[in-house]
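Student: Could you put the whole structure together from the sequences, leaning on the hints where they help?
Chain residues, written in single-letter form:
Number of protein chains: 2
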Amino acid sequence: MLRDLKHAGLKMTPQRIAIVRQFAGDESHPTAQDLFERLQPEFPTMSFATVYNTLDALAAAGLSGMLRLGNAARFDPNTDAHHHAVCDDCGNVHDIAAASLSPTSAAVRKLRRTAPGFNVRAVERVYRGLCADCSKKMVARV
Amino acid sequence: MLRDLKHAGLKMTPQRIAIVRQFAGDESHPTAQDLFERLQPEFPTMSFATVYNTLDALAAAGLSGMLRLGNAARFDPNTDAHHHAVCDDCGNVHDIAAASLSPTSAAVRKLRRTAPGFNVRAVERVYRGLCADCSKKMVARV
DNA sequence: CTTGCAGTTTAGAACCATTCTACTTACGGT
DNA sequence: ACCGTAAGTAGAATGGTTCTAAACTGCAAG
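Here the protein sequences line up with chains A and B, keeping their order. Take 61 as the starting number for the first sequence in the working numbering and just add one per residue. Take 61 as the starting number for the second sequence in the working numbering and just add one per residue.
Worth flagging that the hints you see were computed from the coordinates, not collected in a lab. Some clues are possibly wrong.
Since the list can't tell identical chains apart, any single copy or any two copies may satisfy a pair.
Claimed, not checked - Subject to a maximum C-alpha distance of 20 Å in a straight line, what follows is the list of computed SDA-like cross-link-like pairs (lysine to any residue): (1) 197 to 181; (2) 170 to 160; (3) 170 to 184; (4) 197 to 180.
Tutor: Structure below.
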């Protein structure tokens, strides 16, 4: 990811390197707040704007994505096509591999009927339910 | 919807009646701000909290849903199973009818593989692309 | 019809996430 | 080493949502 950052013509500042190190490979879909807090010890003077600027730059370079499920935006370093499974109870988000986000021809046909003229680019899915841990807790609670 | 409100054991206040009147059947997926502004002329003293409280009550009674696509939450009075098509350009959201939000057996099988233990309840889809109007504009712009 | 009270509304403050601003700093090409 | 400019900083500003404490009001029971 660092290599890609450089390749995208972005300057390699210590802050960016630290953010990327913290972010790349993180599957917890952290918020800006999360990343900011984790970097506090190393960069006590870092500003929120830097976290947002860097995440925006990564997104603009196609190196990361964003996800909105609650009040706060969650950032996602996984650039492979994938969907998300969200736990109704704890709110944790898991990645679900997908072959592709491109609409299937069946989806295109359906949209032609229900939303004529809409030009689909991608189809995202959110699976809602209970994650493994919370499913167990629910059983225990009864 | 008003009947359902009463049936859900909620008090019929003038504010709630006005909100429901404004909201029911609205396919624009309004934000709290939108509804608040539309009700200003009729209820100049109404508070934001009332709009949120009422929308929360409706959601709790299963009479409406919520959707998070940008900074602001959008509310959705359509309780039929459906997905959403979001325009990349103008941000407008259209409903796409769906037979059901229950996971297909294929989806359940896939999740068993990629997220073992996750207990799916519903599958929501977001179709991203350009709406009919914006598609036209894009063509015109070239 | 009156009463009581739990559920509602209100204004405004508080809170959180995000963006903006004006300024300083420092990466990286020459 | 120098310079231009991209990036970082602190803090204020903005926008959305929730909270609080006090006043009000449907509505069920008398």
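Student: Quick one: residue 170 to residue 160, C-alpha cut-off 20 Å, is that within a copy, between copies, both, or neither?
Tutor: Close inside one copy (18 Å) and across copies (14 Å); limit 20 Å.
Student: One pair to classify: residue 197 and residue 180, alpha carbons no more than 20 Å apart. Within, between, both, or neither?
Tutor: between (40 Å within a copy, 16 Å between copies)
Student: Should residue 197 paired with residue 181 be assigned to within, between, both, or neither, using CA atoms and 20 Å as the limit?
Tutor: between (39 Å within a copy, 17 Å between copies)
Student: Is the C-alpha distance from residue 170 to residue 184 at most 20 Å within one copy, between copies, in both cases, or in neither?
Tutor: Result: close both inside a copy and across copies, 16 Å intra and 16 Å inter.
Comparing the model with each numbered hint stated earlier shows that all of them hold.
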